[in-house]
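Colleague: Sequence:
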Amino acid sequence: MPKLLKTILIGFVLSLTVVLIIALAKISYSLFLMVLSPDAIVTNTLAEKILNFFLYFGFLGLISQYFRSGYHFPLRYFIYTGITAMVRLIIVDHESATSTILFAGAILLMVIALCLILYSDKVKNI
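Each residue of the sequence shown is one higher than the last, beginning at 3 in the numbering used here.
It is possible that some hints are incorrect.
Ranges of calculated distance between the beta carbons of each label pair, as one might list FRET restraints [unchecked claim]: (1) Leu7 / Phe59: 48 to 54 angstroms; (2) Pro4 / Leu104: 18 to 24 angstroms; (3) Asn127 / Arg70: 43 to 49 angstroms.
In the DSBU-like style, the derived pairs of lysine-lysine whose C-alpha atoms are separated by at most 35 angstroms in a straight line are [as the list claims (entries may be wrong)]: (4) Lys124 / Lys28; (5) Lys28 / Lys8; (6) Lys5 / Lys126; (7) Lys51 / Lys28; (8) Lys126 / Lys28; (9) Lys126 / Lys51.
By construction, these hints were calculated from the structure, which means they are not laboratory data. Backbone N, C-alpha and C define an ideal beta-carbon position, used for all residues, glycine too.
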């Protein structure tokens, strides 16, 4: 039974990879059109699209790491993705100072968690 579940999980991860590649291609195409367009570029829209590109690319890297690390997701990669998502949110939605400070606090917590994870891995290897 575990082999069947593992096969199903791999199938879902591969289908997610295809969806992410399509989304990455769409965002790349829209960025290409935006840069070549003679119209004025809205910087917030451009920044949002670039950060979405990096989020999709990060998820593809996470999936790649899943297959390289023996079919499990290392926690630190989820934290990297969370930090990127929060930075995107701050850049795109910065109307409220309170929200921006809370988002920055969330980034700080994720960085602290990442430092703790990396430190504990270092201590285990001593």
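Colleague: Compare the structure with each hint and give your call.
Modeller: Okay, the hints, checked on the actual structure:
no.: 1; hint: Leu7 / Phe59: 48 to 54 angstroms; in the structure: 28 angstroms, violated
no.: 2; hint: Pro4 / Leu104: 18 to 24 angstroms; in the structure: 41 angstroms, violated
no.: 3; hint: Asn127 / Arg70: 43 to 49 angstroms; in the structure: 19 angstroms, violated
no.: 4; hint: Lys124 / Lys28; in the structure: 40 angstroms, violated
no.: 5; hint: Lys28 / Lys8; in the structure: 30 angstroms, holds
no.: 6; hint: Lys5 / Lys126; in the structure: 30 angstroms, holds
no.: 7; hint: Lys51 / Lys28; in the structure: 10 angstroms, holds
no.: 8; hint: Lys126 / Lys28; in the structure: 42 angstroms, violated
no.: 9; hint: Lys126 / Lys51; in the structure: 39 angstroms, violated
The structure fails to meet hints 1, 2, 3, 4, 8 and 9 from the earlier list, while all remaining hints are met.
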